[in-house]
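Residue numbers (the numbering used here), protein chains in the order written: chain Z, 1 to 381; chain G, 1 to 158; chain H, 1 to 376; chain X, 1 to 180.
I should point out that these hints are in silico values taken from the structure, not numbers from a laboratory. Do not rely on the hints blindly, as some may be mistaken.
In silico PhoX-like links for lysine-lysine, alpha-carbon gap of 25 Å or less [said to hold, decoys possible]:
| id | chain 1 | residue 1 | chain 2 | residue 2 |
| --- | --- | --- | --- | --- |
| 1 | H | LYS170 | Z | LYS24 |
| 2 | Z | LYS24 | X | LYS107 |
| 3 | Z | LYS311 | G | LYS144 |
| 4 | X | LYS107 | H | LYS170 |
Covered stretches of chain Z (in silico footprint by chain G; criterion: 3 or more residues with CB under 8 Å from a CB of chain G, positions within the stretch not fixed) [what the hints assert, rightly or not]:
| id | segment |
| --- | --- |
| 5 | 6-14 |
| 6 | 28-41 |
| 7 | 133-144 |
| 8 | 251-258 |
| 9 | 263-271 |
C-beta atoms are modelled at their ideal positions from N, C-alpha and C, and glycine is treated no differently.
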Amino acid sequence: MSEMWINMGPQHPMTHGLWNLRVKIDGEMILDVDPEMGYLHRGIEKISEDRHYNEVVTLMDRCCYVAGFAWEHLYILASEGALHIQPPERAEYLRVLCDEFQRIGSHIMWYAAFVQDLGLMSPFLYGMRDRDLVLDLFQSYTGARMTYEYMRVGGVRSDLPPGFTDRARQVLDWLTQRYEEYDQLCLGSTIFRKRCDDLGTLKAADCVAHGVTGPMLRAAGMKRDLRRDRPYAVYPQLDFDVAVADGADVTARYLVRMEELRQSVRILRQVVDWLDRHPGPVMAEQLPRWLGAPYAPVGAEGYLLKRNFPKGVGFSSVEEPHGEAQAYVVNEGGEHPYRVKFRSPVFANISAARQYLVGYHVADIPPIMGSVDVCVGEVDR
Amino acid sequence: MQPADLEAALRPKLGDRLLTVEPFARTAGRVRFRRDGALDLFRTMRDDLAYRHLSMVGAIDWVDHREVFYVLWSDERTEYVLLSADVPADDARIETASGVWPSANWHEREAWEMVDVLFDHHPDLRHLLTPDGYAFHPLLRSFKLHEPEELEVKTRHV
Amino acid sequence: MAPLTLYTVSNDLVSSLLTALGNAIPNPVGAWLKSPDLITGLSVLVFAAILLAASMLNTILLIWWERKLLGRFMDRRGAMHVGYAGLLQNFADGLKLFRKNTFQPREADSLGFYTGPAAYMVTSLILFGILPISSGWNSGALPLTLLLALAIFSFAPLFIFISAWSSNNKYSLMGGMRSAAQMIAYEVPILLAVVAVVIVAGSFDLTTIVYEQQNYWFWGPLVVALIVFVAGMLAEMERIPFDLPEAEAELVEGWNTEYGGMLFAFFMLADYLRALVGSILVVLLFLGGWTLPTWVPAAATSFPLAGIFWFMLKTYLVFGLFVWVRAALPRVRTDQLLRIGWNRMIPLSLLSIFLAALLVTVKCLPFLGCVPSPGS
Amino acid sequence: MASEPAVPFVEIEALRAQQFVPAAKEALSAMIAERGQEKVVRPVFNWAGRNSLFPLHWGLACCAIEFAAAFGARWDAERFGVVPRSSPRQCDLMIVNGTVTWKVAHKLITLYEQMPEPKWVIAMGNCATGGGPFRTAYSVVPGVDKLVPVDVYIAGCPPRPEAMLDGILRLEDLIRERKE
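Throw the hints in and build the complete structure from the sequences for me.
So, in structure tokens, the structure goes:
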């Protein structure tokens, strides 16, 4: 076979979403790649300019649909900066609860998809089964499985239902057992190690140059986690370790994510205990009326408040399950943001595809891209 | 690093191409610079101040002019810094940062197609999110979204 | 009373039918109807029809068996709403595919596109005419059934490659190439492993091989050959961990990407026909075929069709093992697969030949067991 | 130059769809005319068709995650004989599970055309039904029925896996009652 270009996508089992990886191959070897994005570009940044501050939260859930809470948190942090609002402490703990459960949900979803890419079918089912337990928890206090619209500028929408913390502890216990099973299925398999070791290597220097963050960067041995380095919410009060690995390959990324799953459980146990002991308000007081209730009619008072609200620019960054996400929200007065700009970690991780794909086999594309954990929603926005 | 330190470190290299350094939320500061000093500033930031990680390039349409902003991260100091340059709306172009930080490549492609800021010497300035040949720049303020009713009329004949 | 065999059944059926018909019809035609040549010819046809129906039925049952087993391995139920426990699910699938629009991609080569699946299907079906199912339940006592079966079995990559090539799709082509490389690489160790069996059994005839195992099944003494054979069969059947030609993650559906409707059903059926043949070969060569160990009470083997029952039970269990492997192992890569084939399997199969020769000479080996002397 | 809304591009794609829909209708009616005689076997084939719906294995957006969850251990869509296939040639059901953008529109139409007849389309979720929260966006097709004929719409953003299974069962009812 001579050299040829093949299109992997937009409908291809490898993509896990809607994008196209153009690959130049010679036989089974990859000579060049060119990711083609934008098939899911919904113009979220543009629509946000037309929405109330709290309505943008709705779009955030759909921006990254496996890590909706992380993106809500990101946007809320930036908007609160732009609007000069401070949420109560319990709300911050609730946000961390959401974030960390979301990290578990997202990583399990990643595990399910990634291992299926290697041809191992059962873990997909096991992963979905265990992820459903986490989603059940979400459903019990937000009413939705994936698109929550839970966080608000100035706090969160509602408090936890009674008995939630006990159920959460049960789920955490169950998940801790499952992680062992996951490891047995993957690390215990010689074929898995043969396929994933020294695969898709991206060293730390290249990661930094190409803006790669998150588990991929930590798998290259760089101990960088925004929850530690630029703490937001109540992460300084919580005790956890940053997961790192040395290999910079697919196995290392697997190890990092598995360790993060365990660390999330550790964080969540502390958060759940804190929530048990400290009842309190979950919404900031003295919010502008148009923020507290976006659909309520705005009277003369509200109009004046709206006009005279201080302008500002909010910038926030959170450690999303996929990496480092940033938001830049410009408030020019009024109920709509003037400009919203997001930085998606997967966007940068995919843009470096040429660095970690060229030189491997065609059969290596699914595990490597699986280890990147592509969520197209947040790349295309 | 405080804004004053930043200014002290950058002023000798850039002179009057550096406009101001102002405090900015949760970062070391926002560096405003003239666009002809872009490449020097980028190199100084990366090589002298160890901001090796370019997180984001974005652009804002302020109707009369456009603003290009860069978010940098330093692992040594674990802090962000923002760079920001104003470009006139009728001649919106600035030097590319992708020679200094390869990660700027895609961000600049996106900024170009969304806000119509041209990045000089960019290696690969193609459409990224919008289809090839898409003639509009959606994130300009002059680009209006459809009203739902309007949309109904336009697509009814299909 | 002559032993009940498939051929005698069909022969009796045809002869009684034709005799009755020939008695009713006046002579020139009636005598011709009663002629033994016609009866023999027709009974062969009936025999083939029964065989075809039985193998198809078994294949479809095998798909059901795989789906249910996979479901259980994955903590779910599998097909369960169509028929009792989903037994009719695959019939529904087959009928639906039968009804689907037949088409051919615009740039495809029609000759190869249509003959590929047909030939693949036919060569897989022919195998059932050769394999003995139980004592007497085979078409004829050829002296070299084993060789013939393996020869026909190895036709497949040719037809897969033809259909992959002519469907004019890059993924199909890559799948076809992989399939060809993989099957050729694993053809050699399979044959060498079989040689070990042949050395011990002293015959190329599958029926003889089974009867040689009446006292000692070969899986114990020839465990190395069994491992090589099963691994090779997994590769030949294109099942996980060696299902590279159909690797869904990178090649969409592999070499049958462009096939839909009945042609796809052909591929699917032929795949499972081959899986059935593979399991049957494992049972025949290593697990004693339809025989049971001598310590089993006679009641277990004396009921009608006991041979077929035990044989099919063993076959389905062996296939269940393949399904288990599918549920538990990831897929290997092309170069790893070929390296396993050429670097590991061939030395192992040579070792198994050596062990077999040793066995025949010394009769018993520590830990591995004993074999009867050939031709005893 | 950038002051107008994105109508022209919308219209180009709409034109594409315009050419496609009549052709699809024609093919459909031809098939119906041809199969009108089969009175006896139709119930059997209808039974087969409705009990073995192979959806196309592709994920567009959020609904794709719920689509995947429906094949997970808790809901297990395979109980109803629903097995996703990756090649459109082997599918008879396209579940449009997410936002359809104009950039992917003609690829969606190609995939639909590659599926052999008889085939069905389920619009899963609000985005596929009518654009959902992104209806006003410049890049989003306001409903996949502008591109391909849709048989069943499933509400929800995203619909729960039960809703998706219910949509498939509704489609089975439609096939059962099919008079052609």
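Hint check results:
Taking the CA atoms of LYS170 of chain H and LYS24 of chain Z, the gap is near 12 Å; set against the 25 Å cutoff, the hint holds. At roughly 21 Å between alpha-carbon atoms, LYS24 of chain Z and LYS107 of chain X fall within 25 Å of each other, so this suggested pair holds. Distance hint between LYS311 of chain Z and LYS144 of chain G is fulfilled; the C-alpha atoms sit about 23 Å from each other, no more than 25 Å. Restraint check for LYS107 of chain X and LYS170 of chain H: satisfied, since their Cα atoms lie roughly 18 Å apart, inside the 25 Å limit.
Counting residues of the segment 6-14 of chain Z whose C-beta lies closer than 8 Å to any C-beta of chain G gives 0; at least three are required, and the coverage claim is violated. Requiring three or more residues with a Cβ within less than 8 Å of a Cβ of chain G, the coverage given for the segment 28-41 of chain Z holds, as 3 such residues are present. Counting residues of the segment 133-144 of chain Z whose beta carbon lies closer than 8 Å to any beta carbon of chain G gives 0, which falls short of the minimum of three for the stated coverage. Three residues within the 8 Å Cβ limit are the bar, and the segment 251-258 of chain Z against chain G gives 0, so the coverage statement is violated.
Here the segment 263-271 of chain Z counts 0 residues with a CB under 8 Å from a CB of chain G, which misses the bar of 3, and the coverage is violated.
Violated hints for the displayed structure, listed by number in ascending order: 5, 7, 8, 9.
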